[in-house]
Amino acid sequence: MPEFEPVLLANIGKTDSHRRSVYESGGGYQALRTMLKDKSAEDVTNLVKESGLRGRGGAGFPTGVKWTFLPKDHPGPIYMCINADESEPGTFNNRILMEDDPHQVIEGAIISCYATRATTAYLYLRYEYPLAYQRLQQAIDECYEAGYLGKNILGSEFSLDMYLHRGAAAYICGEETGLIESLEGKRAWPRIKPPFPAVEGVFHKPTVVNNIETLACVTHIAARGADWFKSIGVPPDPSNPRDPGSFGPKLYCLSGHINKPGCYEAPLGLTCRELIDDFGGGVWKGRKGKAAIPGGISMGLLTEAEFDTPLDFAGPGKVGCLGLGTAAVVVLDDTVSIVDFLHNSCRFFAHESCGQCTPCREGTSWSLRMLERIKAGRGRLKDLDLLLEIGDTIGIMPGTTICGLADGAAWPIKNAVRKFRDEFEDYIKRTNPDGWMVTEPVEALEATGIH
Amino acid sequence: MADSSRILTDEMVAEIKAFFPRYPSRQAVTLPALHIVNEHLRHVPMQAVVEVAELLKLHPAQVQDTLTFYGFFKQDAPCGKKRVWVCRSISCALRGGEEVLSAMCEKAGIHPGETTEDGRLTLEAAECLGACEQAPCMLAGNDLVGNMTTESGQEYVATLD
Chain A
1 MPEFEPVLLA
11 NIGKTDSHRR
21 SVYESGGGYQ
31 ALRTMLKDKS
41 AEDVTNLVKE
51 SGLRGRGGAG
61 FPTGVKWTFL
71 PKDHPGPIYM
81 CINADESEPG
91 TFNNRILMED
101 DPHQVIEGAI
111 ISCYATRATT
121 AYLYLRYEYP
131 LAYQRLQQAI
141 DECYEAGYLG
151 KNILGSEFSL
161 DMYLHRGAAA
171 YICGEETGLI
181 ESLEGKRAWP
191 RIKPPFPAVE
201 GVFHKPTVVN
211 NIETLACVTH
221 IAARGADWFK
231 SIGVPPDPSN
241 PRDPGSFGPK
251 LYCLSGHINK
261 PGCYEAPLGL
271 TCRELIDDFG
281 GGVWKGRKGK
291 AAIPGGISMG
301 LLTEAEFDTP
311 LDFAGPGKVG
321 CLGLGTAAVV
331 VLDDTVSIVD
341 FLHNSCRFFA
351 HESCGQCTPC
361 REGTSWSLRM
371 LERIKAGRGR
381 LKDLDLLLEI
391 GDTIGIMPGT
401 TICGLADGAA
411 WPIKNAVRKF
421 RDEFEDYIKR
431 TNPDGWMVTE
441 PVEALEATGI
451 H
Chain B
452 MADSSRILTD
462 EMVAEIKAFF
472 PRYPSRQAVT
482 LPALHIVNEH
492 LRHVPMQAVV
502 EVAELLKLHP
512 AQVQDTLTFY
522 GFFKQDAPCG
532 KKRVWVCRSI
542 SCALRGGEEV
552 LSAMCEKAGI
562 HPGETTEDGR
572 LTLEAAECLG
582 ACEQAPCMLA
592 GNDLVGNMTT
602 ESGQEYVATL
612 D
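Protein chains in written order, with my numbering: chain A, 1 to 451; chain B, 452 to 612.
Pulled out of the complex, with its shape left as it was, chain A reads as follows:
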């Protein structure tokens, strides 16, 4: 395999990397010119389909295939929603792209709109990214000046408007139909699917929702071709006919107890241990790793013994995690109490559950209350079974909720309790010597961490 050359982070670190002139001096917007001049919308869709690009937002759905779900010959308008509501704990790769190389993202967005015949793009940006807001607005203004946005882009028949839309600090807006509801000015309650957004999305029109890094990948696929993209990463597992493979470069976020936290670009399929040791300089303070979140907190936990798991779309699932997610690795060293970890996770999801589906609203809230009680030294062994019961019954996989937030809440519970059960039992017995064996209902503690 040839030496890997980073493309997504290639401009990061250059002076004024966020300005159009710097981006253009490195060949920026040439791919857009070529696509508009030489390729039809179908050609571009087919190119992205052939590349095997899978969405980088967490679900990993093949991007080109998603585009083909749009109705054929629709009179329009078709909308593009760019999902920049990056809120998954541990994840910051999209922030880096938007702050330091926004034109790379916008070029990919314009090409993707051309392919999908979208005429208006809304970039839904989380409120917590004020610098990204400023840089993106400047980049969009620069694009209108240069004729990359607006009417008849670069003299073609294609016209596109792009607007920034700021969120208001709600995790659920990263769920694509929650995002659509929020964009429409409503509470961000995810929609029941079908209909999928491609058929009926924002303002009752066909809508494509794509992640920031996904669109940045489209830029490079347009510039370098599908074969280049497929030369990087992991081909499909021949024993699994449903595996579309994990192609292309990926931005890995690394944080927590690590010597060199940061955002690193590598071919999909890098192992968690390689990321920690080769990129992150190892676990901090000379300590050993205890566990790691493989791709944002929703994905669950890898134990230290599972650190050789490849971080591609199929890897984390093989050791009981939910999936690759956002490829954001958070390292826990061997001094971390697993009770504290799970308490933090449960508090996050209890706070961010949108409250629409009862199993999620109640399940996340009660799991936090139980963790508060365990942490306070009043836990019982039975609580572990109750936690697992919640974990096994909330989410779209057991079929009890509308969206996947609850699956994300469930996975850290299931992984932590099943992979570290001994530690939980020891903690409960040690801190509650008189009550750990009680199985009768007990009073809940006041939940302090929800709001």
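Heads up, some of the hints might be wrong.
Quick list of simulated restraints, FRET-style, between CB atoms [to be verified]:
no., chain 1, residue 1, chain 2, residue 2, range
1, A, ARG242, B, ASP594, 44 to 50 Å
2, B, ALA528, A, TYR144, 36 to 42 Å
3, A, GLN137, B, ASN598, 23 to 29 Å
Cross-link-like lysine to aspartate or glutamate pairs, in silico, EDC-like; alpha carbons within 16 Å at most [claimed, not checked]:
no., chain 1, residue 1, chain 2, residue 2
4, A, LYS260, B, GLU584
5, B, LYS533, B, GLU490
6, A, LYS186, B, ASP516
7, A, LYS419, A, ASP334
8, B, LYS508, A, GLU184
9, A, LYS318, A, ASP243
10, A, LYS205, A, ASP73
11, B, LYS533, B, ASP594
12, B, LYS533, B, ASP612
Don't read these hints as lab results, they were simulated from the structure. For clarity, every value in this text was computed on a predicted model and none was experimentally measured. All residues carry an ideal CB built from backbone N, CA and C; glycine is no exception.
Place chain B on chain A using the hints.
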């Protein structure tokens, strides 16, 4: 403006109306409008909700419904001049984020979610601010402050204008 009981200034109304051409529906201007009011008043009082609804041709209840979904918009009293969010999610918590928040609260003499009596500072716990490589971090107004310690947090509170 002639009617003195109105809260939205002409300037705010003009800013809100500038968003109308961007969307095929007026309701989609709800969040931008709430942000505009919040930027000016540091909260969104009920009277502002009524006036925003009027502009967007909605019932006040529709705007209020959206507003209350986002804990972001305060309604009863303005936020402090500086609104500070200290991250408590996992990457920051692993590197002392909760201790930073506690130390800052102690220095300011308030609990998380409260505003100092002089109205200078509102301190809130935040979920992941997306700056985990700089953990523990906080967002102070528009400024991201990373690699914090309890000392640097307290110093921030002590030296705030």
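Hints not upheld, ascending by number
none
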